[in-house]
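Chain by chain, the residues run as shown.
Protein chains: 2
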Amino acid sequence: MENNTSEAKELLPSEVFITQDALLDHWQGHRRITRRAIEAFPDDQFYTFSIGGMRTFAELVMEIIVLSGPGIHGILSGDWTYGNPPLNFASQPPATKQEVLTIWDNITAEIDTLWPQIPVSRFHEQEAAFGQYDGTIYSTTLYIIDNEIHHRAQVYVYLRALGIEPPAFWDRS
Amino acid sequence: MENNTSEAKELLPSEVFITQDALLDHWQGHRRITRRAIEAFPDDQFYTFSIGGMRTFAELVMEIIVLSGPGIHGILSGDWTYGNPPLNFASQPPATKQEVLTIWDNITAEIDTLWPQIPVSRFHEQEAAFGQYDGTIYSTTLYIIDNEIHHRAQVYVYLRALGIEPPAFWDRS
Numbered sequence: 001m002e003n004n005t006s007e008a009k010e011l012l013p014s015e016v017f018i019t020q021d022a023l024l025d026h027w028q029g030h031r032r033i034t035r036r037a038i039e040a041f042p043d044d045q046f047y048t049f050s051i052g053g054m055r056t057f058a059e060l061v062m063e064i065i066v067l068s069g070p071g072i073h074g075i076l077s078g079d080w081t082y083g084n085p086p087l088n089f090a091s092q093p094p095a096t097k098q099e100v101l102t103i104w105d106n107i108t109a110e111i112d113t114l115w116p117q118i119p120v121s122r123f124h125e126q127e128a129a130f131g132q133y134d135g136t137i138y139s140t141t142l143y144i145i146d147n148e149i150h151h152r153a154q155v156y157v158y159l160r161a162l163g164i165e166p167p168a169f170w171d172r173s
Numbered sequence: 001m002e003n004n005t006s007e008a009k010e011l012l013p014s015e016v017f018i019t020q021d022a023l024l025d026h027w028q029g030h031r032r033i034t035r036r037a038i039e040a041f042p043d044d045q046f047y048t049f050s051i052g053g054m055r056t057f058a059e060l061v062m063e064i065i066v067l068s069g070p071g072i073h074g075i076l077s078g079d080w081t082y083g084n085p086p087l088n089f090a091s092q093p094p095a096t097k098q099e100v101l102t103i104w105d106n107i108t109a110e111i112d113t114l115w116p117q118i119p120v121s122r123f124h125e126q127e128a129a130f131g132q133y134d135g136t137i138y139s140t141t142l143y144i145i146d147n148e149i150h151h152r153a154q155v156y157v158y159l160r161a162l163g164i165e166p167p168a169f170w171d172r173s
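Residue numbers (our numbering), protein chains in the order written: chain A, 1 to 173; chain B, 1 to 173.
If you're looking for bench data, these hints aren't it; they were derived computationally from the structure. One or more of the hints may lead you astray.
Interface residues of chain B toward chain A, partial, derived using beta-carbon atoms under 8 Å [to be verified]:
{"#": "1", "residue": "E15"}
{"#": "2", "residue": "I18"}
{"#": "3", "residue": "Y47"}
{"#": "4", "residue": "F49"}
{"#": "5", "residue": "L87"}
{"#": "6", "residue": "F89"}
{"#": "7", "residue": "L101"}
{"#": "8", "residue": "S121"}
{"#": "9", "residue": "H124"}
{"#": "10", "residue": "I144"}
{"#": "11", "residue": "I149"}
{"#": "12", "residue": "H150"}
{"#": "13", "residue": "A153"}
To be clear about the criterion: a stretch of chain B counts as covered by chain A if any three or more of its residues have a C-beta under 8 Å from a C-beta of chain A, and this derived list gives those stretches [claimed, not checked]:
{"#": "14", "segment": "22-31"}
{"#": "15", "segment": "71-82"}
{"#": "16", "segment": "159-166"}
These numbers come from a predicted model, not from an experiment. Just so you know, even glycine gets a beta-carbon here, dropped at the ideal spot from N, CA and C.
Make a model of the complete structure from these sequences and hints.
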């Protein structure tokens, strides 16, 4: 991947709101919290517990997985259908939480590998993410992160309702 | 406010992940959703409804208000105690939802006014936000936004439990 080939230059961190590297840390910090929420959730409630007719954690986590796994490939390449394993919005959750965590960890590694390959100019291209959500790639990237924060926070209510202390929101380690 | 006085230059949007201007839009887009959630919440439940021993929406919204109102002043100036009206983490919610919305709208206007005055290099200064949360100013800024997404999402569960459709998460208009 080439970045600003014609006039390559190094930007100082002080010249931008956030560097591309720091945004990766930001995303992965949130993913670490979500992973802890998956671990904390009782196995026997993962596929069944719900409040107010909302989706179960298993269903919500599949949305996060589809947005982040195929999502990082789309952000890089414009191909929004790739995934290993192949996943789309109709994908059913795997049968166990452990399988969910395995997929989770594979996607975490993929994000770490692919993110540095994204030319910064790519984030300003306009594109229909997943073939349907039109916007700039930076807005799609933030949407993927924000959507994870949003659904994980709902799971925090599930955990509280089940009498379980959720992972600390401020701890990104 | 001077920005890169010694060697001022214009950065192209394509040279950064997200511009400082676009981040303001991003923040205000989330604030518009939260405002709609406040409007949608039943007046008679605003100060009382809770799940799993969690805080009421009135209490959660005060945290968002304290982080964003005094927060935008701290982001700009390093003074984390300013607010009009003065607010801190011990502040009690005002008596009516309408008063909450008035404070909300004042802070929205303040953010619009103060944000463009922040030199981009400020976001990379390390500081104890609110006198206690150490980090770079960009990470504090993202924390303030993420914390709003987080608590608003919990209120979405409250709304669903009350049989009310929450505002669309994707609609930032």
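Right, here's what the structure says about each hint:
Interface restraint check: E15/B against chain A, minimum CB-CB distance 6 Å, threshold 8 Å, status holds. Taken as an interface hint, I18/B checks out: its beta carbon lies about 5 Å from the nearest beta carbon of chain A, inside 8 Å. Interface hint status for Y47/B: violated, as the beta-carbon distance to the closest one in chain A is roughly 18 Å, over 8 Å. Given hint, F49/B at the interface with chain A, is violated; its Cβ is 12 Å from that chain's nearest Cβ, farther than 8 Å.
Look at L87/B: its Cβ only gets to about 20 Å from chain A, farther than 8 Å, so that hint breaks. Checking F89/B against chain A: minimum C-beta separation of about 14 Å lies over 8 Å; hint violated. With its C-beta approaching chain A no nearer than about 22 Å, L101/B sits outside the 8 Å limit, and its interface hint is violated. The beta carbon of S121/B comes within 4 Å of a beta carbon in chain A, closer than 8 Å, and the hint placing it at the interface holds.
Interface hint at H124/B: satisfied, since its Cβ lies 5 Å from the closest Cβ of chain A, which is below the 8 Å cut-off. Against a cut-off of 8 Å between C-beta atoms, the interface hint on I144/B is violated, since the closest Cβ of chain A lies about 12 Å away. For I149/B, the suggested interface contact is upheld, since its CB lies about 5 Å from the closest CB of chain A, less than 8 Å. With 8 Å as the threshold, the beta carbon of H150/B comes within range of chain A, its nearest partner Cβ sitting at about 4 Å, so the hint holds.
Below 8 Å, beta-carbon pairs count as interface contacts, and A153/B has one with chain A at about 4 Å; its hint therefore holds. Given as covered by chain A, the segment 22-31 of chain B passes the check, having 4 residues with a CB less than 8 Å from a CB of that chain where 3 are the minimum. A count of 0 residues in the segment 71-82 of chain B with a Cβ less than 8 Å from any Cβ of chain A is obtained; the coverage claim is therefore unmet, three being the minimum. Counting residues of the segment 159-166 of chain B whose CB lies closer than 8 Å to any CB of chain A gives 5, which reaches the minimum of 3, so the coverage claim holds.
Hint violations for this structure: numbers 3, 4, 5, 6, 7, 10 and 15, all remaining hints satisfied.
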